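**Student:** The residues making up each chain are set out below.
There are 2 protein chains.
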Amino acid sequence: MATTRKPVPTAPERPQPDATRRSQRSRRAIYDAALALVGEVGYPKTTVEGIAARAGVGKQTIYRWWSSKAEVLLEAFLDLGEQAARAQGQGASYAIPDTGDIAADLKTVLRATVDELYDPKFEAPSRALAAEGLVDEQLGREFVAKLLEPSLQLYVDRLRAAQAAGQVRAEIDPRIALELFVSPLAQRWLQHTGPVSHAYTDTLVDYALHGLAPR
Amino acid sequence: MATTRKPVPTAPERPQPDATRRSQRSRRAIYDAALALVGEVGYPKTTVEGIAARAGVGKQTIYRWWSSKAEVLLEAFLDLGEQAARAQGQGASYAIPDTGDIAADLKTVLRATVDELYDPKFEAPSRALAAEGLVDEQLGREFVAKLLEPSLQLYVDRLRAAQAAGQVRAEIDPRIALELFVSPLAQRWLQHTGPVSHAYTDTLVDYALHGLAPR
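Keeping their order, the protein sequence lines are chains P and A.
Just so you know, the first sequence maps onto residues 1 to 215 in UniProt numbering.
Just so you know, the second sequence maps onto residues 1 to 215 in UniProt numbering.
To be clear, the hints were calculated from the coordinates, so they are not data collected in a lab.
Quick caveat: nothing in here was measured; it's all calculated off a predicted structure.
Treat the hints with care, as some may be off.
Unchecked claim - A few chain P positions that, by computed beta-carbon distances, are all more than 10 Å from chain A:
| no. | residue |
| --- | --- |
| 1 | Ala19 |
| 2 | Trp65 |
| 3 | Ser68 |
| 4 | Ala130 |
| 5 | Gly166 |
| 6 | Leu190 |
Said to hold, decoys possible - Residues of chain A clear of chain P, computed beta-carbon distances all greater than 12 Å:
| no. | residue |
| --- | --- |
| 7 | Tyr43 |
| 8 | Arg54 |
| 9 | Trp65 |
| 10 | Ser68 |
| 11 | Glu75 |
| 12 | Thr108 |
| 13 | Asp136 |
| 14 | Arg141 |
| 15 | Val182 |
| 16 | Leu209 |
As the list claims (entries may be wrong) - Below 20 Å or equal to it, Euclidean Cα-Cα: the simulated DMTMM-like pairs (lysine to aspartate or glutamate) are:
| no. | chain 1 | residue 1 | chain 2 | residue 2 |
| --- | --- | --- | --- | --- |
| 17 | A | Lys45 | P | Glu137 |
| 18 | P | Lys121 | A | Glu137 |
| 19 | A | Lys69 | A | Asp98 |
| 20 | P | Lys45 | A | Glu137 |
All C-beta atoms in this analysis are idealised placements derived from N, C-alpha and C, irrespective of residue type, glycine included.
Here chain P stands alone, though its shape is the one from the complex (with noise of 0.2 Å):
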């Protein structure tokens, strides 16, 4: 889940010399080549090459950062992840808010969630990389090791914060809980087995923290 994953280290905010500049000019620029490309032709078809003419730079300026297209790409949505952060004025990352209640935050971060897997700018390059990730296994076990699971832990913690108050059984363990509600909606946005909408999201909490069985 994107909106929840973790920011790469960013420059503190202050005056950068002109050489530092270009290269952050460089770095978005193949950030967005490279996402544009993965979301355009797939996977197997981006080339570093490619990234490159699409960025306007060289192809040594991508291989002095970075050692293949895999490794671009992770940063690519890693950076991502932060521009969406700070378009929603969360700062450089996501965070799962801790308001007391775990209901009403982790609908929160679903529905933000949810905004940001159907965002055109997103929801191409994520597919292009899910789909790749299911038939390259390294790539795909890279991209979760990387990507999903440090997002995944972001819930791990809060559903901890959740036990220490009370609101969620201490017996449970929580990498196994959130897949109750984020797994069905990566199912869903995945295969396109089922509409997705806020209700949808809000219904799997609810269902997850009061169970199906009578209580």
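Place chain A on chain P using the hints.
**Tutor:** Leaving out everything else, chain A in the frame of chain P:
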């Protein structure tokens, strides 16, 4: 989930004329060839010609029965589900048992699903098709509509019976409820986001039925 796949109609068990037996042998060879090819070279590179060559039949034999490779694969998967059901002594179709204990019945069917998902005969073609379904939205929707959704409806039926028996709250939407245990398994299997075991699916059922919050 393949273990709950609905069967395609099959001929009754009775002596058959030679022509029919030959047709059935050809169908079996075509199914096997289609599944093997899509697992080995992926969906885009699987062709009707390739399936015919591998099955040892003429292309026209395939086009007599099916209009496209997607149709061949759809039936091949349905047939695979039937075979797996027969191997488990369930006749030609899987069913979700109704022993009167919803927790036990869901655990039984999910354990069988885990076994099938990691069956080598099933895993490679399923992954190849799932990956293609992510990028080819029309194919993805067709497979969801004809293969996945009918199997999910068996969970809907079982959850409705549980509602009638007072084991699931009446106000629950069964189509959403089933995702609390089906989607986590699907995501771990598809995206390698975590280990899968019978203990894991048992835990999903317990969390979904009883909820994360204290009772």
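**Student:** Against each hint, give a clear statement of whether it holds in the structure.
**Tutor:** Now the hints, each set against the structure:
The non-interface label for Ala19(P) is consistent with chain A: the shortest C-beta to C-beta separation is roughly 40 Å, beyond 10 Å. Every C-beta of chain A lies more than 10 Å from that of Trp65(P), the closest at about 27 Å, which supports listing it as non-interface. Here Ser68(P) stays apart from chain A, with its beta-carbon at least about 20 Å from theirs, past the 10 Å limit. With a closest Cβ-Cβ approach of about 6 Å to chain A, Ala130(P) is found to fall inside the 10 Å limit, against its non-interface label.
Against the 10 Å criterion, Gly166(P) falls within the reach of chain A, whose nearest CB is about 7 Å from its own CB. Under the 10 Å C-beta cut-off, the non-interface status given to Leu190(P) relative to chain A is violated; the minimum distance is some 6 Å. With a least beta-carbon separation of about 10 Å from chain P, Tyr43(A) fails to lie farther than 12 Å from that chain, contradicting its non-interface assignment. Even its closest Cβ contact with chain P, about 20 Å, leaves Arg54(A) beyond 12 Å, as expected for a residue assigned away from the interface.
Its beta-carbon lying about 27 Å from the closest one in chain P, Trp65(A) satisfies the requirement of being farther than 12 Å from that chain. Separation of Ser68(A) from chain P is adequate, the least Cβ-Cβ distance of about 20 Å exceeding the 12 Å criterion. The Cβ of Glu75(A) sits about 20 Å from the closest Cβ of chain P, beyond the 12 Å cut-off, so the non-interface label holds. Listed as outside the interface, Thr108(A) is consistent with that label: its C-beta sits roughly 17 Å from the nearest C-beta of chain P, beyond the 12 Å cut-off.
With a least CB separation of 9 Å from chain P, Asp136(A) falls inside the 12 Å interface cut-off, contrary to its annotation. Here Arg141(A) does not stay apart from chain P, with its beta-carbon only about 6 Å from theirs, under the 12 Å limit. The beta carbon of Val182(A) sits about 8 Å from the closest Cβ of chain P, which is not more than 12 Å, so the claim that it is off the interface is violated. Once the 12 Å rule is applied to beta carbons, Leu209(A) is inconsistent with being away from chain P; the minimum gap is 5 Å.
Of the pairs offered as hints, the one joining Lys45(A) and Glu137(P) holds, with about 19 Å between alpha carbons and a cut-off of 20 Å not exceeded. Using a Cα cut-off of 20 Å, the hinted pair Lys121(P) and Glu137(A) holds, with the two alpha carbons roughly 18 Å apart. At roughly 37 Å between alpha-carbon atoms, Lys69(A) and Asp98(A) are farther apart than 20 Å, so this suggested pair is violated. Under the criterion of a C-alpha separation no larger than 20 Å, the hint pairing Lys45(P) with Glu137(A) is consistent with the structure, at around 19 Å.
Checked against the numbered hints above, the structure breaks hints 4, 5, 6, 7, 13, 14, 15, 16, 19 and satisfies the rest.
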